[in-house]
Amino acid sequence: MANALIDRPDNARRGDIVTIRLVLSHVMETGYRRDISGKVIPRNIIRNFVCRYDGAEIVRAEFTQAIAANPFLAFTTVATVTGPVTMTWDDDEGQRYSAETMLNVRD
Amino acid sequence: MTFDLNRREMLGTMLLTSGLGPARAASGEMEAAILAFTGGVVPQPGKVTLDIAPLVENGNSVAVSVGVDHPMRHDAHVTTIALFTEKNPQPNVATFHLSPRSGRAFVATRMRLATSQHVAAVARLSDGSLWSDIREVIVTIAACTEE
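Keeping their order, the protein sequence lines are chains X and B.
If you read the first sequence in this note's numbering, its first letter stands for residue 1, the second for the next number, and so on.
If you read the second sequence in this note's numbering, its first letter stands for residue 1001, the second for the next number, and so on.
Hints in this document: simulated from the structure, not taken from any laboratory.
Since the model is a prediction, treat every value here as computed from it, not as a measurement.
Please note that a few of the clues may not be correct.
Claimed, not checked - Take a look, some chain B residues computed to stay more than 10 Å from chain X by CB distance:
(1) E1029
(2) V1062
(3) A1063
(4) P1089
(5) L1098
(6) G1128
(7) A1143
Claimed, not checked - So, partial list: chain X residues that the calculated Cβ filter (under 7 Å) puts toward chain B:
(8) I17
(9) I36
(10) G55
(11) I58
(12) R60
(13) T64
(14) A66
(15) I67
(16) A68
(17) V78
(18) Y97
(19) S98
All C-beta atoms in this analysis are idealised placements derived from N, C-alpha and C, irrespective of residue type, glycine included.
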């Protein structure tokens, strides 16, 4: 499965405020659960998330284990130019993930 | 962590008098987490709208959104939105840093709730002021925090 499912409008006019919705594929293991032998399953959550578009940081987030598995996120951005919206996120295991979507902007 | 009692009392009063007027005082841990986020300042109730269902069947995934009634201009915008819980194993949920390019002060996610409790949202504006909203949520099936 892909790292993330991203939803955004197919087209936007310059200046429009567009909503970006996404689901990140991640277990978000809390570190509170134990396996069948009683051993604590180590915490593995997404620690931080950054979304960039048109040379600027649109939103940056820090998560805790209180964010549900396969985190859903929605936020907005002002459509400025046609270009990629890039997202990166890191988890406790040191894995870095990224995803990208194109935003088509017309005048 | 030490906070003077007066500020704690004020925050407790703030939490009690805002939102839906919950019956219980917010727990000390959530208050401490909020004060750690604000740098000891008690946020004012208002501007922030925390949208979460009052009755939740499954605490493993609870839709929550936060909007702030404030412009997103370079000279006046919302810089940070943070979410807190009263009775989860730890009180912080997530912190979102926004920019004027966000266009609107709005974020949504899905969170875990270990039990029925209060959830609070605090927003920091570019002028440094702090605003909050608090909701009480009843959870019938809690998120797994043990076993």
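- prompt: Which earlier hints turn out false for this structure, listed by number in ascending order?
  reply: 2, 3, 4, 5, 7, 9, 10, 18 and 19
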